[in-house]
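Student: Here is how the chains run, residue by residue.
Protein chains: 2
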Amino acid sequence: MKTIYLDHSATTPVDPEVVQAMLPFFTERYGNASSIHHAGRDAYDAMGAARESVASLIGASPDEIYFTGGGTESDNLAIQGYAGHPVNRKRGKHIITSKIEHHAVLHTCQFLERQRGHRVTYCGVDGNGVIDLDELAASIADDTILISVMLANNEVGTIEPLREIRRIVGDRPIAIHTDAVQALGEMDIDVNELGVDMMTLSAHKVYGPKGVGALYIRRGTRVGPIMHGGGHERRKRPGTENVPGIVGFGKACELLARDGAAVRERVARLRDRLVEGVMARVDDVVLNGHPTRRIPRNASLCFRGCEGEALLLHLDMAGICASSGSACTSQSLEPSHVLAAMGVPIEIAHGVLRLTLGKGTTEEEIDYTVDTLTSVVDKIRGISAALGV
Amino acid sequence: MKTIYLDHSATTPVDPEVVQAMLPFFTERYGNASSIHHAGRDAYDAMGAARESVASLIGASPDEIYFTGGGTESDNLAIQGYAGHPVNRKRGKHIITSKIEHHAVLHTCQFLERQRGHRVTYCGVDGNGVIDLDELAASIADDTILISVMLANNEVGTIEPLREIRRIVGDRPIAIHTDAVQALGEMDIDVNELGVDMMTLSAHKVYGPKGVGALYIRRGTRVGPIMHGGGHERRKRPGTENVPGIVGFGKACELLARDGAAVRERVARLRDRLVEGVMARVDDVVLNGHPTRRIPRNASLCFRGCEGEALLLHLDMAGICASSGSACTSQSLEPSHVLAAMGVPIEIAHGVLRLTLGKGTTEEEIDYTVDTLTSVVDKIRGISAALGV
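Residue numbers (numbering that gives the first Met the number 0), protein chains in the order written: chain A, 0 to 388; chain W, 0 to 388.
Source of the hints: derived by calculation from the structure; they are not laboratory data.
One should not assume that every hint holds.
Said to hold, decoys possible - The calculated BS3-like cross-link candidates involving lysine-lysine, where the alpha carbons are at most 30 Å apart (straight line), are:
(1) Lys92/A - Lys89/W
(2) Lys235/A - Lys92/A
(3) Lys235/W - Lys98/A
(4) Lys98/W - Lys1/W
(5) Lys235/A - Lys98/W
(6) Lys92/W - Lys235/A
(7) Lys92/W - Lys89/A
(8) Lys235/W - Lys235/A
Unchecked claim - Just the calculated beta-carbon pair ranges, DEER-fashion:
(9) Ala140/W - Arg90/A: 31 to 39 Å
(10) Ala140/W - Ser55/A: 50 to 58 Å
(11) Arg265/W - His37/A: 42 to 50 Å
Note that the structure is a prediction, hence the values are computed from the model and not measured.
All C-beta atoms, glycine included, are put in the ideal place defined by N, C-alpha and C.
Hey, can you work out the whole structure from these sequences and the hints?
Tutor: Okay, structure coming up:
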C-alpha cells in the first residue's frame, strides 16, 4: 500500500538535492571544522556557506546564526541561555510566554520557575489561537527580561502577531524570542521586520535533515551557553559541528528561497481543497486555528463524536499518516494544551486530527484522503452510536 | 595532491557501509520516531535496533542507552544532569575529576563551581598521563557524589585505570562517569567490568556520522535532563530524534564489533612503525603518554626546538593532516593543559604533534609521513638555528 504522508509538521522527507549536497561530507570532505589543516578548513568553509544561506533566508547576518542539534536545543539555548546569563539575571527574573507554545518552550519556562527562581506569565489566546495582546501588554513588569512567543503554532497553524508584540515592547530592554520551527518555509520571515532578537529554526521541518537546527541571536543580545566544552559556534554551543547536517540545512534554505513561494501557493490550494472537501461531506467538523492567518500546510480539524486516536489508526490502516497534534506529545493521552487554551471543549478536543501537507502532496492524495476520512468518520460515529456512547 | 589523513582522533570518515545504512532514512523511511503511524513506528523500530547495537558493544542494556547530539552533550548531560538532580544536590556538592579531561568535562565542572555552588577536585596525573589514584582516594569526602575520569585521553592516548577507581570507591554512593569518546573502538569496553555508572560515547570518532552521541546511564542512576521539551529518550533528552544519525551510529558499532579487533591490531602495528621510524631518524623526540597503556591509533610526539604550529603547516603543505592535540582547542594558542598536567616543560610542549591513525591508513602513508616529518623537522630546526632562536 502506498503511503500518503500528511504529517509534514512532524517531520519532512529530506529533499534529494539536500541529500546530494550532504553526501560528500560523510566520506570525502569529512574534516573536523575546528582542525587547522586543509580538510578542516574545507569543512569550516562549507559550514560558512550554509550559515549564509540560513541567514539570508531570514534577513539576518551570518554571524547571528548559531547551529545547534535541533529546535528543542535552540529553544533551550534561547530561554535558559538568555535568562541564565549573569547580566540578565541581575536585571530581572520575569518571563512572558503564551499558553500554546511548544513544550520545548513551556517546559523550559516551568524549569526556570521551579529551579531557578524565575517568574513566568503564560498569556492566554482567543478561540483562533491568537495571543491576547492586552494581557501581554498588561503583564510587562519592571523585571521582565524576555518574551517568548511562537511565530506559528505547531498544532493549529495560527500565525502569531510578533510585529505587534515588538510594537508593544517598544525600546524597553526586553528580548523577544520566537520559535519559528513551524513558520520557516511557510511564510516570508525577516527578523528585522518582525523585530525579534532570537529565532529558533529546525532543518527537518523544511526538507532538511533531523538533528540540526539553528538559533538566530541578534548582535548584542546576551546569551550564554547551556552546555560547556570547546569554543565552537563562537563560544555559544560547544561540540564538533555536524558538518553534513549543517550543509544540508543550508541547502534546504536555498531551496526554500528558490521554490518556497510557489510551493506555498500550491500547498495552500491543496489544503483548502482538503478542508472544503471534508466540510462538504462530513457533519459536525470544525477547523481549528485562525481561518486565514495560518500556515499553508496545516489543516487541524475536530470531528465531534470521534476519538482522534481512532481516526489516526483507521487512516493509518488506509496508508495515510496523520497526527493528533504534536508528534512530540503523541505518546501522551492528555488532551492538547493548545486546544484547551483556545477554549475548545474537551469532548470536541478529543476528536482532533492534524493533517499537514508537503511539497510532494498531490491532488489525488487529497481526494483519496477526503474519501477515506469521510468513511472512517462515518464508521467510528456508527460504532459510537451503536454502543450508545 | 593526495590527502594523508592522520587526525582520526579529531574525526573519522564515515564508513561507506554506515552511509548506506543511513541513506534510506533521509528520503524513504523519514518518519518522526514519536509519530504513532506506520512511518513513525518504522523510524522508532530502526532506532531500537541501533540502541541494541550500541548497548551490546559496551555490555549495557538497550534501555541504558540515551542518544544525544554528541560527546559534548553527553558529558554535559552526565555531569550537569547528575549533579543538578535535586536528590543528588541534597546528598552533596563535591565532584572529583582529573586535570587532563576534555574541555566538555572540565568546563562543565568549572561552570558548576562558578554558578551552582559545587566544589570540584581536579586530580593530577603522572608523567605518563595516568591519574594519581592516591590523590583521588584522599580527596573522597562525605559530600562526594560524582567522579568523572576519561577512559582514554584525547591528546596523548593514555588509558586511565577506571577499574581501580571503582575499587577505591567501593560501594559508596558515588557515581562514576567516564568520557569514552576516544576509547570506543580502540579497546574492549564493558561497563560492568569497568564498574562505571555513566559513559559518554560519540559516533563520529568511530566512522559514524557527526552530530550524534550517546550516554550510557546505569539503571537506577539519577540523571535529570539538561534541556526541556518533549518526552523523548525516556524524558532525559527532548527533541526529535536524529534517526539517520542514530541508525548510522548503530551500524558503526556493529562494524566495530565485527572488525574492531583486527583493525586495532593493524593500526597499532602501523603506529609503532611510525613512532619507531621517527625515533630512528629524528633526534630529541619524546613520545607523550603511557608507553604501553595507550590507545592503538595515537602517536603524540614532542619535537624539541619546533613549534607544533609550524610542524602542522609544513605537514599540511605535504598533504598530511595532523593536529597539535585536540581539534576542539586548535584555534587556541594556549599550551596543552594535558601536557602541562603531565609536567612536560612548556618549551617542549610547544613542539607537540598528534598523529592519529585510522582503518584506512596504509604502510606507504606511514613511510611517507616519516620521510616528510624528518625533513620538516630538519628544516624548522635549521631556520631556528639560523635565527639563533
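Student: Each hint should be assessed against the structure and marked as holding or not.
Tutor: Structure-based check of each hint:
For the given pair, Lys92/A sits about 24 Å from Lys89/W by alpha-carbon distance, which is consistent with the 30 Å threshold. Restraint check: the Cα-Cα separation between Lys235/A and Lys92/A comes to about 21 Å, which is no more than 30 Å; the hinted pair holds. Straight-line distance between C-alpha atoms of Lys235/W and Lys98/A comes to about 23 Å, which keeps the hinted pair within the 30 Å bound. At most 30 Å may separate the alpha-carbon atoms for a hinted pair to count; Lys98/W and Lys1/W exceed this at roughly 38 Å.
With a C-alpha separation of about 23 Å, the suggested pairing of Lys235/A with Lys98/W holds against the 30 Å cut-off. For the suggested pair Lys92/W and Lys235/A, the alpha carbons sit about 26 Å apart, so the restraint of at most 30 Å is met. With a C-alpha separation of about 24 Å, the suggested pair Lys92/W and Lys89/A falls inside the 30 Å cut-off, and the hint holds. For the hint linking Lys235/W to Lys235/A, the alpha-carbon distance of about 22 Å falls within 30 Å, and the restraint holds.
Our hint of 31 to 39 Å for Ala140/W and Arg90/A holds, since their Cβ atoms are close to 37 Å apart. Between Ala140/W and Ser55/A, the C-beta spacing of about 54 Å keeps the proposed range 50 to 58 Å intact. One distance hint, 42 to 50 Å for the beta-carbon pair Arg265/W and His37/A, is violated here, with the actual separation near 26 Å.
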